[in-house]
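Undergrad: Residue numbers (full-length UniProt numbering), protein chains in the order written: chain A, 1 to 907; chain B, 1 to 907.
Calculated directly from the structure, the hints in this document are not laboratory data. Heads up, a few of these hints could be off.
[As the list claims (entries may be wrong)] Result set (BS3-like, lysine-lysine): computed pairs, CA atoms no more than 25 Å apart in a straight line:
#  : chain 1 : residue 1 : chain 2 : residue 2
1  : B       : Lys97     : A       : Lys302
2  : A       : Lys719    : A       : Lys904
3  : A       : Lys642    : A       : Lys691
4  : B       : Lys857    : B       : Lys690
5  : B       : Lys860    : A       : Lys105
6  : A       : Lys878    : A       : Lys722
7  : A       : Lys97     : B       : Lys302
8  : B       : Lys878    : B       : Lys722
9  : B       : Lys860    : B       : Lys719
10 : A       : Lys302    : B       : Lys105
11 : B       : Lys302    : B       : Lys278
12 : A       : Lys278    : A       : Lys233
There are 2 protein chains.
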Amino acid sequence: FRFTVLTFVIAVGEVLTATSGSCHATVPNMLNVHLVPHTHDDVGWLKTVDQYFYGGRNDIQHAGVQYILDSVVGQLLQNPERRFIYVETAFFYRWWKNQPPSMQKAVRQLVDQGRLEFVNGGWCMSDEATTHYSAVIDQMTLGLRFLNDTFGPCGRPRVAWHIDPFGHAREHASMFAQMGYDGFFFGRLDYQDRTNRIRTLEQELLWRASESLEPPYADLFTGILPNGYNPPKGFCWDQSCDDAPIMDDPDLEDYNVDDVVQRFAAAANSQAMAYKTKHIIMTMGSDFQYENANLWYKNLDKLIRYVNTRQANGSQINVLYSTPSCYLQELHRANLTWTLKTDDFFPYADDAHNFWTGYFTSRPALKRYERVSNGRLQTCNQLEVLGGPSSRKGPFGAGDSETLREAMAVAQHHDAVSGTEKQHVANDYARRLANGWQHCQVVVSNSLAALSGSSAGRIYCDNLNVSACPLTEASKKFSVNVYNSLARPVVWPVRLPVNASAYTVLDATGTPVDSTQQVRKDRGYAVNELVFQAQAPPLGYSTYSVSVLQNGPPSASVKSGPPAAIQNKVRSTLSVCLRYNASDGKSSISDQASGAYIFRPNSSSPFIISCTAETESIQLQEVRQQFGPWVSQVIRLHSNSKALEMEWTVGPVPIADGLGKEVITRLDSSIASSGVFYTDSNGREVLRRKKDFRPTWDLRQTEPVAGNYYPINSRAYIKDDKDQLTVVTDRSQGGSSIHDGSLEIMLHRRLLHDDWRGVGEPLNEMSGVFPLGLVVRGRLLLSLTPPALAADAHRPLAQENVLQPLLSFTEGGPPPGSLLEFSGLQAALPPAVHLLTLSQWGQDSLLIRLEHQFQTKESKEHSVPFTVNLQKLFSTLKVVGVSELNLSANQWIDEMKRLDWRPKMGM
Amino acid sequence: FRFTVLTFVIAVGEVLTATSGSCHATVPNMLNVHLVPHTHDDVGWLKTVDQYFYGGRNDIQHAGVQYILDSVVGQLLQNPERRFIYVETAFFYRWWKNQPPSMQKAVRQLVDQGRLEFVNGGWCMSDEATTHYSAVIDQMTLGLRFLNDTFGPCGRPRVAWHIDPFGHAREHASMFAQMGYDGFFFGRLDYQDRTNRIRTLEQELLWRASESLEPPYADLFTGILPNGYNPPKGFCWDQSCDDAPIMDDPDLEDYNVDDVVQRFAAAANSQAMAYKTKHIIMTMGSDFQYENANLWYKNLDKLIRYVNTRQANGSQINVLYSTPSCYLQELHRANLTWTLKTDDFFPYADDAHNFWTGYFTSRPALKRYERVSNGRLQTCNQLEVLGGPSSRKGPFGAGDSETLREAMAVAQHHDAVSGTEKQHVANDYARRLANGWQHCQVVVSNSLAALSGSSAGRIYCDNLNVSACPLTEASKKFSVNVYNSLARPVVWPVRLPVNASAYTVLDATGTPVDSTQQVRKDRGYAVNELVFQAQAPPLGYSTYSVSVLQNGPPSASVKSGPPAAIQNKVRSTLSVCLRYNASDGKSSISDQASGAYIFRPNSSSPFIISCTAETESIQLQEVRQQFGPWVSQVIRLHSNSKALEMEWTVGPVPIADGLGKEVITRLDSSIASSGVFYTDSNGREVLRRKKDFRPTWDLRQTEPVAGNYYPINSRAYIKDDKDQLTVVTDRSQGGSSIHDGSLEIMLHRRLLHDDWRGVGEPLNEMSGVFPLGLVVRGRLLLSLTPPALAADAHRPLAQENVLQPLLSFTEGGPPPGSLLEFSGLQAALPPAVHLLTLSQWGQDSLLIRLEHQFQTKESKEHSVPFTVNLQKLFSTLKVVGVSELNLSANQWIDEMKRLDWRPKMGM
């Protein structure tokens, strides 16, 4: 198969039959105004997801989702004409499980009758810039599966609905297409882009979201909503709004029906000028609205009645309760052709100096933690399957993968991994991930016990990122289990904090492995760092034994020379860290400050943090550089890797000068990149970027740096005919190529002003209890290859980075008789094929996703179809039946019938 | 009969049988906490009554009563345990008439089952300081009648509920007792009084509200609510509050059930310390709350469940949904004795420098307009009866009395006639009264046409108060109908703006009447003012013919000398106007400024506005004084009156010095008043006041002027053994006696600061479109008599002032054959008996109220029982049956069984 993800379950389920919701009739030749009552419920932002659900901390923001759903359902039951859509299954699920059967029955009926329609339907409305496709697919699956299980086909969303995210990724559109959505609506796009599209009537278009997939497989009809996701001015009847209600008692002083009808007609006619058909959509709702749905519906009922009554007097406006899918159905019936779009909607600017490119990097530690947690969840899922039923309840107690799955799903929200939430909410997301991992550790321990035959206590050193592990620091003899969740073998540098000066490391066969002990002054409390290259089989583990060597260190063996090739092309400035000083909002051009969302340097040239690095070469494989007190870097070349590792440590960023700072690393090379660079979309397909340029309109560039920033999920590169310099990141970051031959990546941000986009806090992360700025560490992997071979390097590099091996430790040597090495696969999959998902689905069924991970044409060897024999895939599981599903696993692949849309000719 | 009001309807109605609402069981020996869900819905304040009903102008204040009732009813229907009380029938009535029959049926059932209970139940919750008993009885009757007609006995409120008014009048308590209420609850009282009562457990007491009525006829059990009318701190679950909801999912981070239960127990136990029984009441609601009742009920349901669950673990707290009548029933069952109170709850101070005594005078023009409108409504009611069916639909079209009745009822609200509403709302009240009067004019014209036999066009010169009447100013010959709504003859000085220099005035018999033409420079555009004394029979009219006399003016005839007796005792300073400068909130003692509610002069001595009055004696009957540019006064002695009239004109009050001003008139006399003075309560019984003293606690006086102010509805006096100086006012005003022998009355206020009690505006009334301060005119009637004869003078004077004759005009002479004089009574009633109400009730029934208007012992001649023969009352109506009702006409008098309460012995 080609560059795509295939999703399967094993075991045959009942046949799903889709029925369409009951849409109200429209009137031909009139302007039909589709009123879509909706609420936008952030799965955490200013408050935590719990607080939003219950309506706690209403002093921060008045919002309580439990009441919204109570109220909307009550109002829908009162009048069958009314409609509502609901989006965020994370909330709906919680509400549902608290309802008595009578209410559940009533809601099922509302769904069956199309009065309550789910749109989008994932666990959350994911961020598009900073999420990894793997986690997005998981969170969509989690939400959609709940809807499928609870409501059947009538609960399946037909429409994707990303009304709030701050820019839109092509890979998201591709995924939505593969999930079977008929169309996609969003609210935010670049202000110049919008102006242009209003003029050309291109606010509704056909998005061809993949270069690799045959049309229309990744085609997605896309609509830009008229007022973001708000109602037209003057027609907000929520309790949070102050617009005049319809006062229709003629005896009263404030009777306003004529005025309301007239203003509504004006709004509708004005909106109709910017769209192609005789149908327009109005989003009647906004953030956390409909907590008291009666206010909305009572006035909407009246609006519909009074506006349509005027038809008897010649009015040409017909207004109706509708839903996005009903609106979409009318657009489809219009049988028009639609402009084709093949790039994406990044970056998003709401005005000339207001580029939402800061959040590509905001909260780098949270972004990393989310990425690490994704790997842990995949490991947990896999081991839950491989270890069998005792994984969930075994010698280490009861564990589950759901807690981490839900925590990861919540973390995909567009104010979660994006870094645009309040600090206390960021803490809550991290706490949830940590808690989820606690639940998963039990599964992992149980599973490894089942697989290895040993129930010896197992320790997870979760603080290895700061070089802390009490067991390895104290123990004279311990064993290390290295679990590899990739479908091919991995080699991984294990780095452990230790206090003895020499160790012996044996592999699973008892063969000694080369290791080094390095003195580390810069991290943790341990004296030394023990380093060795571990290998682990596909979807399996290998066990290493480590013991203190009494007779002092052996001589280190050096396997390879310095990274000469890279040093040559990527010049000495490679390792220079720079920073922008953030705008503080006091400039005469614009009062926009840099903040959680927005990046706005106060000068287009970055400042060098330090010109002279204090450089220390530990061994030939490692160079350490200290650029002043708060920026340092370690450069490593691993013996078996073609990539150079740059491990950066930044912080606490000083703010004594009263200026916020946005720290970048810049890689300067001699590559003739001609203003062109490449960034990936959600960690998957790569898009071409050009400085000061947008593919679909004539850009007026107003921010020479921030206006050229793009999200980097897992990689970015520049190239010329001969060379390609690729950087693989360990989390989402913002980056650009401001100068030819140069790639810059923003590592960390510490800001002193809010940027007035709602979060209401400066992004000023602290470390621990002291008011010290947060220190963040990460690594970039650099690879320099001929362009034709680049993907062969960066595709596996990136997957290894996402799915890092899980290390677990037991005191003492491996228990006698235990199985020290295990692989769940009969054989490694071909390099082009990635095992994206392996998790328990039903009691006797598994969900697996196989991904072809090479984009079209990027690799001569791998960008070709492959065949995988599912029957012969697993070493311990017997496959008795396989059924293919859509990407989100809520529809059989052969029942996925999407609306067909025609592109405009000549595009 | 004695000092009381008797209420009758003619025609026998069905027998009403009262049933008691179903109260939840309580638990003996536990502390029973009665949770009373309620909303407090001002019938106008920051927004107009229409805006409050619909939820318009939510930018001013979020409040929409239509939604409150929608929501509460929906929530009550969901769970039969829940309870709600509703208070303001002005709102409930509007909501009810918009409901479909199915909803009306459901609500009837809620009422029948005691799940929705009406309390108070008048059209509004009236102000107690500035309302006249006549209008209060009317507004209560209007609301209670709707409830009776709609819901029968289960809709009859058992409890009076004045949770917000700013001080409490004894006459209100007396009226409530006579209306059959079992008890009365309120929220605001003097902070010292409250502290004292908390200490002595006297927050629940027995109020003996009349000196004239035999106990327990005017006894009213009175409870002071624990938190004003709000829930205890931390337990407000309205959408307008931020308190934490009950978060009872143990899986969530914010689980707080234990915390909530513990805090609630602490609040309940603390409250129980301040009350006598094992029952306490908690008001769970506040201003315009329950718009989204689900928030409240969902959490209250949980609170009740979780608190009562702890009883299994030994908790002694039992919490239940309840209502004021259920709570009252438990207090009654406690069978205790209660402290007796015989004075009232004025003035109200919420802290040492924060006396709510400014509103006694705030908006003097509105206060006067309300008083005038009351007279017009009574006239309209009477003429609707006397003129028969053609009154409502006759030669002048269709008219009605309901519009003015509802406007008057709304105007009784504690932010209406009180003057504590925003300016735009004050304008709305005035507009409603004017509109109501337009509807009544048609009734009056039709009725007078029927009674007189002439349909000649009839003009009402509504601007006579500013000496403007186009008809009299232009006409050479016109007739004047003087309608008298009193049950005894009246003599009234008619003053008309005219432009000729001499007129002949003939009475109904064609006999010439003495008249004078005075040149008026100070008012209107007319050159002259024509003055004559008109007489009119009881409950009837007389017609005067006026025509220009071509041969110049006759010599004026002087009937009496100057008011020597008054001039003697009330010394030359009688006519001096003074002012206080208002505190601006910048004092070091307190930051309280004078405002709509609060009176706080910045010095205890008033400033003299002008020491030298420019005095002009027009005739012996009239002296005009000009005290500078913005204060003037006319002193008149009418030939047939024993009272001196002081007509004051104040404004625009200058504010160029940056100071607000509160203008008083002070009457200084040689009366040895010894710190004692007297003020009436709601225009009826008179209470003794003593400077710097409160009857029920040791006062710590902190505001020597404002802390001694009391409301004057219609009269105040000082006296010694020989003399009594009585002032009868034409509207509600504040006043005091700060010095012995002196009475001061506040006439007008113009302020530059808000006083932070919610209205959010300075009380700075403007005149017309220019930013000129409002000019206000009024009159005080002074009578000086021996104390024993004072009531004989001031009782009729006050009634004449309340029910002034209505003048109407027709161009030309009286039509030939028309009836020029009419009386609806067979004979005048005795002076002690006032016809308080005569209005249409059913199609063939009338409502009449006969009032004995002399307080016990105040008049040797009149403070005695009288007999009235109802059969022989009317001249044109045949009485075929009479039934007596309670004061509010919602219960037959012989079925009025009130709870009996025992006073504490020795009181």
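Undergrad: Against each hint, give a clear statement of whether it holds in the structure.
TA: Do the hints match the structure? See the list:
1. B/Lys97 with A/Lys302: 17 Å, holds
2. A/Lys719 with A/Lys904: 33 Å, violated
3. A/Lys642 with A/Lys691: 29 Å, violated
4. B/Lys857 with B/Lys690: 20 Å, holds
5. B/Lys860 with A/Lys105: 78 Å, violated
6. A/Lys878 with A/Lys722: With Cα atoms ~48 Å apart, A/Lys878 and A/Lys722 exceed 25 Å; violated.
7. A/Lys97 with B/Lys302: Given that 25 Å is the threshold and the Cα spacing comes to 17 Å, the pair holds.
8. B/Lys878 with B/Lys722: Between B/Lys878 and B/Lys722 the Cα gap is close to 48 Å, so the pair fails against 25 Å, i.e. violated.
9. B/Lys860 with B/Lys719: Measuring from Cα to Cα gives roughly 17 Å; hence the hint holds.
10. A/Lys302 with B/Lys105: The hint holds at about 23 Å.
11. B/Lys302 with B/Lys278: 23 Å, holds
12. A/Lys278 with A/Lys233: Given pair A/Lys278, A/Lys233 holds - Cα atoms ~21 Å apart, limit 25 Å.
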